[in-house]
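These protein sequence lines map, in sequence, to chains A and B. Going by the numbering used here, the first sequence opens with residue 65, and the numbers climb by one from there. Going by the numbering used here, the second sequence opens with residue 377, and the numbers climb by one from there.
Please note: incorrect hints may appear among the correct ones.
Stated by the list, open to error - Heads up, incomplete: computed chain A residues facing chain B, CB under 7 Å, no partners named:
no.: 1; residue: 137
no.: 2; residue: 142
no.: 3; residue: 150
no.: 4; residue: 152
no.: 5; residue: 186
no.: 6; residue: 189
What the hints assert, rightly or not - Derived pair list, reagent style BS3-like, types lysine-lysine, alpha-carbon separation capped at 30 Å:
no.: 7; chain 1: A; residue 1: 174; chain 2: A; residue 2: 240
no.: 8; chain 1: A; residue 1: 154; chain 2: B; residue 2: 379
no.: 9; chain 1: B; residue 1: 390; chain 2: A; residue 2: 154
no.: 10; chain 1: B; residue 1: 456; chain 2: B; residue 2: 500
no.: 11; chain 1: A; residue 1: 130; chain 2: B; residue 2: 422
no.: 12; chain 1: B; residue 1: 422; chain 2: B; residue 2: 485
no.: 13; chain 1: B; residue 1: 720; chain 2: A; residue 2: 116
no.: 14; chain 1: B; residue 1: 390; chain 2: A; residue 2: 176
no.: 15; chain 1: B; residue 1: 693; chain 2: B; residue 2: 390
no.: 16; chain 1: B; residue 1: 693; chain 2: A; residue 2: 154
no.: 17; chain 1: B; residue 1: 390; chain 2: A; residue 2: 170
no.: 18; chain 1: A; residue 1: 167; chain 2: B; residue 2: 379
no.: 19; chain 1: A; residue 1: 270; chain 2: A; residue 2: 235
no.: 20; chain 1: A; residue 1: 167; chain 2: A; residue 2: 154
no.: 21; chain 1: B; residue 1: 396; chain 2: A; residue 2: 154
By construction, these hints were calculated from the structure, which means they are not laboratory data. For every residue, glycine included, the Cβ atom is placed at its ideal position computed from N, Cα and C.
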Amino acid sequence: MIRAVGLTKKFGDFIAVDGINLNVNQGEVFGFLGPNGAGKTTTIKMLTGTLKPTAGSIEILGMDMKNYPIEIKRRIGVAPDEPRIYEHLKGYEFLEFIISIYKLDKTEMKVKIEELCDAFEVDYLDKLAGEMSHGMRQKLMLISVLMRKPEVLFMDEPTVGLDAKSAKILKELLMKYAREGTTVFMTTHILEIAEKMCDRIAIINKGQIIAEASVSELKEKYRASLEDIFLSLTATNDIKDIVDSL
Amino acid sequence: MLKDALIIMGKELKNIFRDKRTIFSTIILPVVLFPVMFGIIGLITKANEEAKAKAEYTVYIESTLSQPDELTKVIDEIHKVGNFGIVNDGINEKAIESNSTAVGLKIGKNGDIFVATVIYNSVKEKSTYAAQKIREALMNLNSELVSAELLSRGINPEELNFVQVNDMVVGVSAENGNVEEAKAKGQFTQILAVLVPYFLLIYIFAGSMGLGIDTTAGEKERGSLSILLVNQVSRTSIALGKMLYLMLMSVLTSVLNLVGLVIGLYLEMSFLGEANMPFSIEIGAAGYVLLFITVILLALLSSGIITLIGSLARSVKEATGYITPIYMIVLLFGISTMQSEGSKAFYYYAAPFINIIFGMKDIFMGTFSVANFLTMFIVNSALVVLFVYLTAKIFNSEKVLEVTTE
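The shape of chain A in the complex, shown without the other chains:
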């Protein structure tokens, strides 16, 4: 479903992503973890066709990103880390915009939107996006992606800004979609989510993948909690010293 070989992204002299390889199978929930600035968002942007890799290749749903960017975008869904929706569009106008871009069946979408709105308790579609809170916009963005039920989902910090109930629903829904064959590629800083949801995780640090396995395999290998494994691998285990010095 998602294949990346030698994926590299340079911004001038700075190497944001350094020759990583990824292989995510159909129906898998794949967690992409890493500290701030590790290269998670840059990787997602390359995998979703927003940024062009400096080197390496990307294959999504068996199609090369270089040759089939539009076809790939038609079949994937992306929920960015920041739900930057056009401020002067009302909620339903934004959804209509997405429906017209993807040339989707309006009646079918209306049903799906209603279902998702009920699930996420969204009753503000006639409100302007500029008047919505971060969490409200995040839910709207998720609905715009989930209503299409894409074959591959890229979720960048999907639970940020969501209330506990909505976050729980989203997690359950993503796992349900995965069981039905959807591939989910998600980044998160909340290790508990990764532990509970992800079939496999990869930890990226300074642009390089430093670990890739299932949570149970990692725990067995390092004989520690995911949090401790993450902190030790990303060289941020000097927390006690930092706290003591404050």
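The hints should help you fit chain B onto chain A, whose structure is shown.
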């Protein structure tokens, strides 16, 4: 691709018409501003003219005329042209300087010729007006004296005309053969040929500027562009959609501004008693079609260059910095060609923006040439294609995502 571009355009339009400030500045202000502005100018001018005509003026006279009836003739003529009180005991310069309704007249004779000096304060409008009226009275006296002298010598003054001049008007304004009407229409066409290309050029460019920067560099800054980029729509369609939106908005702005301008001019003329000026032009159906094509070309050209620069810029501030000098150049083109007539040398029609000004002037003045119009059309179309191509290239590269908030 065009369908996607139209969807993007629709989204932009929906987005912009939610903003009350944009609705006010794009739709309401142009239609209201000019009528209010020109209406006020007309009212003030009319009130001034009426005040000047109704005012009571004092003429201080210093006369060295030996015959009392000669001075009486002068005073009679002065009374005929306005509301003048006469003070015949010399020039009071202080009063003339301080009082705007006072003028002075020194009058005497050199042989048979009346020699007069009008004294007035040129800074004061009423004093200047009164001086003009005194001059008018003296010229009337001159005509009377000339006529009387000729008649005393047995010559009819009207027989002294050896040249008779009649007008015959040709061109777009003279189609129905009525010379006076054709003259008035010609005058109106001249006004339009000066104003319309200038205002269209300025409004279309200025109208595109703010919106163009907002939809390109502004979207980058707000981060909303990335939503478009991850969705199933080609980047060329995004670029085209934004250009179409800008073009539509700039044409709408310019049309509304023109409507406001014409209403404003009509109001001003009405207040000044010149409402009989025909507010119509006779450029024919083909002329309107050509004018429409020219306006669209101008809108496309402006939108193209602004979208291109806005897409290149990393922030609204940077985009404004890049586009302002271009706007100044366009403004200079408009001002420098305002008084020029149409039908220029071939190379004028090869220069972007300038060729549009002369293209419009040609249509108004009836000096249209197929070769010049085609040159203008081809040059501007080629530039528009180039701008779309370059903008699409930027959208297809990562330049479109480069943002700086500095």
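Hint numbers the structure violates, sorted upward?
5, 6, 11, 12, 13
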